[in-house]
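Visitor: So the protein lines, in turn, are chains Z and L.
Taking the working numbering, the leading residue of the first sequence gets 6, the next gets one more, and so forth.
Taking the working numbering, the leading residue of the second sequence gets 426, the next gets one more, and so forth.
Just to be clear, a hint being listed does not mean it is correct.
[Stated by the list, open to error] Listing some non-contacts, in silico: residues in chain Z with all C-beta distances to chain L over 12 Å:
1) S62
2) L110
3) L221
4) E272
5) Y370
6) V511
7) M516
[Unchecked claim] Have a look at the derived ranges for each label pair, beta carbon to beta carbon:
8) L:R541 to Z:L343: 29 to 39 Å
9) L:E619 to Z:E528: 39 to 49 Å
10) L:E619 to Z:G368: 53 to 63 Å
11) Z:G368 to L:K462: 49 to 59 Å
12) L:G574 to Z:A332: 51 to 61 Å
13) Z:Q448 to L:R504: 19 to 29 Å
14) Z:R429 to L:R553: 33 to 43 Å
15) Z:R429 to L:R541: 28 to 38 Å
16) Z:G368 to L:I675: 46 to 56 Å
17) L:R554 to Z:S540: 22 to 32 Å
18) Z:G368 to L:V500: 35 to 45 Å
19) L:I675 to Z:P433: 27 to 37 Å
Just so you know, the hints here were simulated from the structure itself, not pulled from any lab data.
We put the CB at the ideal spot given by N, CA and C, even for glycine.
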Amino acid sequence: MPSTCPPALALSRSRRTPALQRITRRAAPWRRICLAAPFVLALILPAARAHADDLPSFVHDGQLTLCTNPTLPPMTFVNGSDTNALAGMDIDLARRLAAYWHVPLVPQTMDFEGLFPSLSAQRCGMVISGVLRQAGRLRNYDAVAYLDSSVVAVARVGTPKIRTMADLSGQTVAVQSGTSYAAQIERENDRLRAAGRLPIILQQYPTEDQVVQQVLIGRAHAFVSQDVELYYRQKQLGGKVTIILTPDYADFHQFAVYIRNDAHDTELLQTAIDDLTRQGELSAMARKWGISGDHQSVFTDRKASSRFDFATFFSALFSTAFLKGAALTLVIAILSHLTAIIISVPMAMKLNGRDSIVRRLLGLYVAIFRGAPTLLQLLFIWNALPQFFPIFREHWFTPFLATWLSLSINESAYQVEINRAALRAVDPGQVLAADALGMTTAQTYRHVIFPQALRIALPPTINEFISLLKTTSLASVISLQELLAVTQIQVARTFQFTEYYAAALVYYLAMVFFFLFLQKRIERRFVWADRDKASADAA
Amino acid sequence: MQLSTSPDPTARISIRGLSKFYKDYLALDRVDLDVRKGERIVVLGPSGSGKSTFIRCLNRIEPHDSGVLMIDGRVIDDRTDLTALRGSVGMVFQNYNLFPHLSVLDNCTLAPRLVRGVGTSDAKATARRYLSQVNIAEQADKFPIQLSGGQQQRVAIARALCMNPEIILFDEPTAALDPESISGIVGIMRDLTEQGITTVCVTHEMGFARHIADRIVFMDRGAVLEITPPEEFFTAPRTERARTFLAQMIRH
Ligand SMILES: Nc1ncnc2c1ncn2[C@@H]1O[C@H](COP(=O)(O)OP(=O)(O)OP(=O)(O)O)[C@@H](O)[C@H]1O
Ligand SMILES: [Mg+2]
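Bound conformation, chain Z alone:
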């Protein structure tokens, strides 16, 4: 890529998102369009220092808030095993902008798909996350370019170079879902089909590291990505891949800072970027992160081992990042399930009762929350709710709270059916007997019905809990740093899939086995339900 324009070195990006892919794949928008060369402006505009009275409006409450998805090294990623240690070109730029406006930087990490909804929801002032400047985005947001880039098609080392994308006809190509590469390849395919040739077989993966992995393991012939990211990958991959084509796609030439539409803000941001460009700060950042057109330098780096690295595995297993991730997974699952149980018990009682408006509304609630995908509910609560109720954009509404809220509501819709069945299974003669003994309704529930219903509800409830424990991994899309999010961040950084996946697996299995064990222990306490066990117990 042309490193001739200093301000905007060269890069670009599009991104991914784990489970989201199903929803967004078809809608993957064009990420942007390359407009005027920003460095031209840099020469014209005067060097201006920001004044407190001329801050962009997205600098709010004396701070600059940044939304970023730290899984795109070298632009934005987590350096080391501390998931809070953000690093990369984008992070440096954001810090520098904050300093430029004399305010602290408050970064928020989230899934890629959450970035723009968060920007719209005013959860952050700007998005810098390796996002390309693309026409489609400019309808809704303003963008200021800071780094040049280009698209690359990459294959295993030794693969012959090609002249056009059409040469990939009939081959499998991997791209990250949620990115605009897929749409670009579809266009190529339209042309190929029109010419009576085989289309390119497109495979989409939620994370960039999985995309690369497809080429390494030989499932895909090539992947399409941005050159910047490849420089970084090259270091990890030890020269296993090579660029076979640099297609000239107009919409993939620049990385940009995105803000909400505001002409004045855009002007102030442009001025700031121009200043930094002129002072050589942007090119220094790019050099620092190895973003340069000099491919040779990166190809000669260390050799990656293809064997399972036990040292990495064990250090991941015992790292604070994984421990914290697992703890968060456990805490959010327990809290959500407890909340779900607490709200679903009265719901079940009402649903088992006489027909009424409330009962019908509850039936509707259950149908909706069992019907809608959990992932969609998480995204709705995190991204759509703030548009109806501004209170949900405030800082107290963290990804943790959003996950808790949405998983509780979702789980209660399942738990309520378990509760209903369990309550119904209690012999109505029990209620009659308690009534005849003068017990109140509350006493009857507390001392007679619930203890018996609990035994019936326990095994399916533990099943639900185990399922919920795994469902928490969806919360990575709204940036909750649970176990799977931590794993993905580490994989993106190191590219050591197997080791980190194995460590995550160990944690999930350990937690699940613990709860299965607990279930057995608790069931032993219900001796009263089994004649043989009760007698054996007494003996």
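Fit chain L with the ligands to the known structure of chain Z by using the hints.
Guide: Here is chain L with the ligands on its own, set in the frame of chain Z:
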């Protein structure tokens, strides 16, 4: 059967014109009855004649729709303190309805502790006393599932006794029991009378009815057709309906 129109406040139970509807189905049709203290009443009648409905009205598990129900001179209606009423009128069911998750002892102490506020150790002492009265003291720590039907029914009686009731209602207490257990229950019901407890018992066992009844109440289609001593009822029933009923019972 028509008694004098006003209820008798000196009777333990006095009933006049008691009626009960399920929607528009008349389940109890103007029932009149006076029961003396310590008396043993047995209610007979074909299936669906309203026997269970009738005794459930006595502790207001089913509220009646019209007529007067008086217990110990107090009118029972929608202003009655149900906790107190259920304390003085106990009930024993065909299927025992013991609490399966509680030990025999806890079955007997739960209601006294919750409803009467009796301390745990007092409640246990009382429970053990009644459990030995019904001859199952040694089963106190078992769960209901570990007991035979006869033993469970005796626990159910002990559980009712623990509330110190003046009246105990039995709804087919022997229906699920073998003959030996039935004679055990007969003995226990006689003991209750000696303690001054009034019993009203629904049954289909003619032998059992003849053994324990001071008076037989014969019902059909929600109405009381006869109130007679057992010797008379079984030898010379006054109504045609009772005669066919008895003829059928003997045939089976
Ligand atoms: N909760 C209820 N709702 C509607 N109808 C009822 C209800 N309980 C009883 N019935 C009806 O009232 C009538 C009397 O019922 P009840 O149970 O008192 O009869 P029973 O004499 O005890 O019969 P069995 O000897 O079979 O126990 C029956 O026709 C029954 O179907
Ligand atoms: Mg009955």
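Visitor: Each hint should be assessed against the structure and marked as holding or not.
Guide: Hint check:
With a least CB separation of 64 Å from chain L, S62 of chain Z remains clear of the 12 Å interface cut-off, as annotated. Every C-beta of chain L lies more than 12 Å from that of L110 of chain Z, the closest at about 59 Å, which supports listing it as non-interface. No beta-carbon of chain L comes within 12 Å of the beta-carbon of L221 of chain Z; the shortest separation is about 59 Å. With 12 Å as the threshold on Cβ separation, the claim that E272 of chain Z sits away from chain L holds: the shortest Cβ distance comes to roughly 73 Å.
With 12 Å as the threshold on Cβ separation, the claim that Y370 of chain Z sits away from chain L holds: the shortest Cβ distance comes to roughly 31 Å. For V511 of chain Z, the condition that its CB be more than 12 Å from all CB atoms of chain L holds, with the nearest at approximately 38 Å. Non-interface call for M516 of chain Z relative to chain L: holds, since the shortest CB-CB distance, roughly 30 Å, exceeds 12 Å. The given range of 29 to 39 Å is respected by R541 of chain L and L343 of chain Z, whose C-beta atoms sit roughly 34 Å from each other.
Judged by the Cβ atoms, the range 39 to 49 Å given for E619 of chain L and E528 of chain Z holds: they are separated by roughly 46 Å. For the pair E619 of chain L and G368 of chain Z, the beta carbons lie near 56 Å from each other, so the given range of 53 to 63 Å is met. For G368 of chain Z and K462 of chain L, the Cβ-Cβ distance of about 52 Å falls inside the hinted range of 49 to 59 Å, so the restraint holds. Roughly 53 Å separates the CB atoms of G574 of chain L and A332 of chain Z, a value that falls within the hinted 51 to 61 Å.
Under the hint 19 to 29 Å, the C-beta atoms of Q448 of chain Z and R504 of chain L, about 22 Å apart, fit the expected range. Our hint of 33 to 43 Å for R429 of chain Z and R553 of chain L holds, since their Cβ atoms are close to 35 Å apart. With their beta carbons about 31 Å apart, R429 of chain Z and R541 of chain L fall inside the hinted range of 28 to 38 Å. Taken as a hint, the range 46 to 56 Å holds for the pair G368 of chain Z and I675 of chain L, whose Cβ atoms sit roughly 53 Å apart.
Checking the proposed 22 to 32 Å range against R554 of chain L and S540 of chain Z shows it holds: the Cβ atoms sit about 26 Å from each other. Look at G368 of chain Z against V500 of chain L: about 42 Å separates their beta carbons, and that is inside 35 to 45 Å. Between I675 of chain L and P433 of chain Z the CB atoms are about 34 Å apart, so this pair conforms to the stated range of 27 to 37 Å.
Violated hints: none; the structure is consistent with every hint.
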